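J.: Dock chain to chain to rebuild the complex, using the hints, since each chain is given by itself in its own frame.
In case you want the letters, here they are:
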Amino acid sequence: MTTHPHGEAPATPLLSVRAIEKSFPGVRALSGVSFDAASGEVHALLGENGAGKSTLIKIVSGVFPPDRGEVLVNGKPVDLARPDDARRAGVATIYQELLLFPELTVAENIFMGHAPRAGLRRIDWRAMHDKTNALLASLEIHDLEADRIVGSLSVGNRQRVEILRALSQDARILIMDEPTAALTEYDVTRLFDIVRKLKARGVAVIYISHRLDEIFAIADRVTVLRDGAHVATKPVTETDAAGLVQLMVGRRIESLFPKITVPIGKPVLEVKDLERRPLTRNVSLTVRAGEIVGLAGLVGSGRSELAQTIFGVTPADAGEIRIAGQKVDIRSPARARSLGVAYVPEDRGTQGLVRPMTVRENFSLAALGKVAFGGFIDRGAERKLAGDGVKRFAVKASSLEQIAGKLSGGNQQKIVLGKWLANGPKLLILDEPTRGIDVGAKAEIHRLMGELAAQGLAILMISSELPEVLGMSDRVLVMREGRIVAEFAREQATQESIGAAMMGSHENAEKVA
Amino acid sequence: MTTATLAGAEANPRRRLKVLASQEALLAIAVIGLAIAVGLYNPRFLAARNLSDVLLGNAYIAVAAVGMSMVIVSGNIDISVGALIGVLATISGTLAVNGAPIVVAWLAALVAGVLVMALQGVIIAYLRIPAIVVTLGMLSILKGGLISVTGGKWITDLPHSFHLADIELFGVLPFPVFLMIVVTILAALWMRYSASGRAIYAVGGNAEAARLCGISQPRTIVMVFALHGFFAGAAALLYATQLRVIQSTVPPNLELTIITASVVGGVSILGGVGTVIGSTLAAVLIAEIASALVFTDVSPYWIRAVQGVLILVTVIADILRRRRMAGA
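Chain order of the listed sequences is A and B.
1 is the number of the first residue of the first sequence in my numbering; add one for each residue after it.
1 is the number of the first residue of the second sequence in my numbering; add one for each residue after it.
Pulled out of the complex, with its shape left as it was, chain B reads as follows (with noise of 0.2 Å):
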């Protein structure tokens, strides 16, 4: 009997109706549905020009959503990452400025990434400090150091191998797209597929559960930082190389931009829920939301407002889900 309900379910057409309302079917939605009606109101939005350039500038954020997705499906959390991005782009720059190979000034940014947030995931895991803790400690270490540091001075004449943004593929596709595709396509069959990735969501979704089940749960926590710093490390590259400077100084609220694409795209703050496309399509959305600011002719101060609305309805949302399971 059961089997036969097994077969039915697999060709029940409310099964697809299920997959059309998943948050990331929700988001792609709403990214074409907000190109069009903006595109009605203003179609110089609709110019490939523009397009571009809202993904040209913004693929950093889902790059670092991607990294930051892993960790808060793992039950974490990292408040640091904004400050990381903007050391690691100095870092990087630095060493581009002073003759180092560019090659190596690219992979200094990947290997300190690395580094330091494995460091942060060492802490938690081992020496048990929650999370918000321990990075709200490592976000002001190195926003104070970076400031201390470098004086606030910007860098400036950086080689023009340095700008990995520059790069187009095939003369259309800017490198730094063709980057935020590969990443999240890579990050996403790596964590439905793999056994480390469902690893990350059996933490996040029961620790002592997985612990039984002889997953360990302070190993799984320190890769995901691990692999949560290379992110990091390829979008503070993004982030250093589209401007011709480096402003040496970490990008406000970066850290909240990258939570909210990550929340707004689907990753249960709870733990245990969520995809990495889900959250490269919620940082395109917001991207998109604030250039259709402009060409709305609403201030773009506003952006902060439309994404705490998201985040509160999309945080909302996943609660009730929640507790739906929880009664039943």
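Bound-form chain A, shown alone (with noise of 0.2 Å):
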């Protein structure tokens, strides 16, 4: 794998990484991956969610180490044990979510932890000016004041300030993670104006999009993960975009999910126009009785905003939606779920599931109405209650009332759509049910999806992992930029298909009826 017979690596690449393995606890993260960036190249790097791009950037940013392999910098192994190894190895990573301090000056921030100093070791804020000056100029940008508060920018100003920040460091390795995810267009095309100049400087940017047309419009070479494993290097010119999508989705065994074909029934959920600005927009769908829809797109596209609308946690604008053919208002959780609404969130540690209670008390919680007697709790159904759903769902727990924060996640997961499950709804929304759960809970949640679609119940399934989107889904709609562009029915549904509509590669994308 260290050789990519298309890629044109020059002999000595400026950062290099090699059969690099990494395991989190119950998760094999990344398995056997070699990378490499020369000096003045862009390397884009792709994958789907839960590919192992971030383990991979966060590795050779010094975040936590590799259980195997190494990371080379101009040909010598460097030991990157926390991020200040790689900062000094020349390496500076642009998150996501930009970490800037919003109180201070550009000049401030760009310096933080390395401001020029004077005698006494006092801070030389003249020289900080001036230095700031002078990497606003090598970047030709006019429109930044040195003493310009952070937080008063925008968010394409604040990426430039981070990207100044990495040069003030002497970056030679400037990673790049979804950089254009909130930017304009205009802040885009500004982002690759700098991202050219630091290529003629010998910058190698190492970056990470699902935007494929910016990869072909910036990238040298791209390099696939799929799964934790290295897929294909390739330069952009041998390829294109329905190839890059069929490299990242790839084939896995489609008998992993065991979907039950199941009579349909009526419609349980449908939604007319439903807005609320600015991640839902003008969205129209139904799911019946015994369906599972699968609800595709990218991180971001307004997946989990439209379940949540649903839900009434951030209640609707304008539109409709009708339960079981009834219109109705839903302005809270408590209403979504006297409805029969279940909802299973995607982050079940901050928003399903309370740690510190125990598996007794987190089953019952969204059922509290089927326990509680005129305000009190009857210990008995309870603790039946509980006892049902673990054993329903083969919750691993050494009792009722061990501590729900102490069992893995696919057991904390099996709680949490257990609980919902416990009050009767007819309509379920599964916001990622299986994502970062080993794969034996994850058949155990499938299998269970299954049985309960041929209970009747209607399933909404968000969920970012094609293979289960195709597995599990009667229909699966894909959603971009809060819309919903475009529906399949089961036996059309393709990877390349559903990826190309969720990228926005629009040829492929026809809206079927």
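No lab work stands behind these hints, which were simulated from the structure alone.
All values reported here derive from a predicted model rather than from experimental measurement.
Positions of the beta carbon are idealized from the N, C-alpha and C atoms, including for glycine.
Warning: the hint list may mix true and false statements.
[Said to hold, decoys possible] Stretch-level coverage of chain A by chain B, calculated; a stretch enters the list once three of its residues show a Cβ under 8 Å from a Cβ in chain B:
id	region
1	133 to 147
2	351 to 363
3	366 to 373
T.: Okay, structure coming up:
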């Protein structure tokens, strides 16, 4: 895997990553990934969510060490145990969420931690100011002043401050994690100008983005990761969007997903022209009893926001929701719950589980009305409810009184799922139901979803894993920028067609009725 | 297989050991152990008269700590309660001295307590302002208001029937101690077995998850503060009626002692964890330590330092426990 027949890697690349392996409890994040970037090259890193891109860049930026493998800078092995080691090795990373101090000025942000010093080690404000101006001039940025407060800047300008900060530390390797995710079109153009200037200076830029058109516009080579493994490295001139999508989504065993064919019943959820700006725009969809509808899309395409609008967390501004044919106005999660809607959130840590509570207490939390009489909880009924859930979901806990936060991710997810089913819902909205859990627990949850659909539950499943979407859904909807841009029947859905609709390569994203 | 594991766990002797390792059990052991140890050094410590005085003089702290524990479990804090107890005692005493029926004087403290705390709860929950800031503001208002209105004059000549603390049930059980025990047990049962009590733990443990489960966070917080105000009123009555005079100033550092009782009692400062049994036992332990210092000829000024050590030890243990949990 260290040779790339199609890549023209120079003799000594500026950055070289060799056979990196990294595992987290229950997950193999990277299995023997190699990657390199040359001076003056923009190397794009591509892959689905969970393919291992973030883990790879975190290893290169010294956030955590690899289990096996090595990182070489200029041909010499470097030990990147801490972010500071990476910085000294000339690696700078610009994360999606910019790490700036909003109350401080541009100059202070750029030189935070390495301000120029004068006698008695006091900060040399004049030098800092001059150096900032020199940096600004070197990138031909004329609309940013050294003493502006960063909090008052646009996202594009804040990103420029981060880039300047990297340059002020003489970074030779610049990692940009989805830099255009929050940028306007104008800012994207300016960012590309800067990236080209950096290239000309011999900086190696590692560019992570889901937007294929950007990769063809700015990158020299592209490396595709899938499931923690290196799939391919190619010059962008030797591939096209369809080819990349195919490499990204790859092929996986469909038999992992035991989709049971069940009779589809009456519509349970009907949404018409639902609006909640900025990420829910004119959305219409229907989910029927016994049906699993997959909602695909990139992170940030508005899928979770749509789910939360239907569930009343962020009530809609306009449009119509019908549950079982009845027009309803859902202004709060409590109302949604009473209408028979259940929502299993994406982030079970912050949204799903009350970690200090016991397994029993978590199970009954969304169904307290069922086990409480006259405001007091019937312990027997509660224990039975939780015990049934534990049995049904095969939760591995030492007892009902175990603290939920101590369980593994998969078991926590089963509790979050089971908690909602205790209420006997008609519609189940699952947001990334299997993210970050191990294969066994994943299969268990898929099996349950099939069973629940067979019992007549309507399921709306948000997932960033295309194989899961394809394997579990009767129908697939694709969201992009807050809109539903494509719909596929199960037979018509392929990884390529969904992938293309997600990315916005329009030729494949014909709307199928 | 899972059910088998579950059934096995019920009978597991390690489970019983775990119950003994709970904060409440540790505190109960500490209370008894300390009494025996100090009793061996100075038997007069164990005299019924002294033990009763220790409980009698500190029951109001335990009662206030019950409300404080609820507030902290819900993920908030209240530093105005000491000042409020001073104000409520003065209101009640002033009414009693000016000829209001005693029951009215008593009720006034409870009602005013509920109103002031509920108001703070509304500001915290609906305007989403951190509790520490809101209650810091209230602390200043109450403290400054009290001294300005009363001019620091003591209230004397309180009618005899005003003194709740003088009542002895069955001829032996002083009313404050009785109230402390009853309030603690009722509040503990309510927190453990009622849906509203469960809501407090849910909101403090994970507000977002609670919200998605249809539990209203603002309503829960206002309820908790209103109850806390009620207990503060009850505490004020015990405090006001145990001496012949009401000093019309805010008892110094009272809120800190109350918070200490909650925290040492095992209520997590991060919210979501703790019981009022723990806080009451901790209040008793702190009072006992103060008395023990006297009986072992140690300067009673050490009590603050001892409280500080207790707080640090408990909080560090709590944080370490949480970290272990997060790591699992």
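J.: Hints first: check each against the structure and report whether it holds.
T.: We went through each hint and held it up to the structure:
1. 133 to 147: Result for this restraint: violated, n = 0.
2. 351 to 363: holds (count 8)
3. 366 to 373: Holds, because 4 residues of the region 366 to 373 of chain A bring their Cβ atoms closer than 8 Å to Cβ atoms of chain B.
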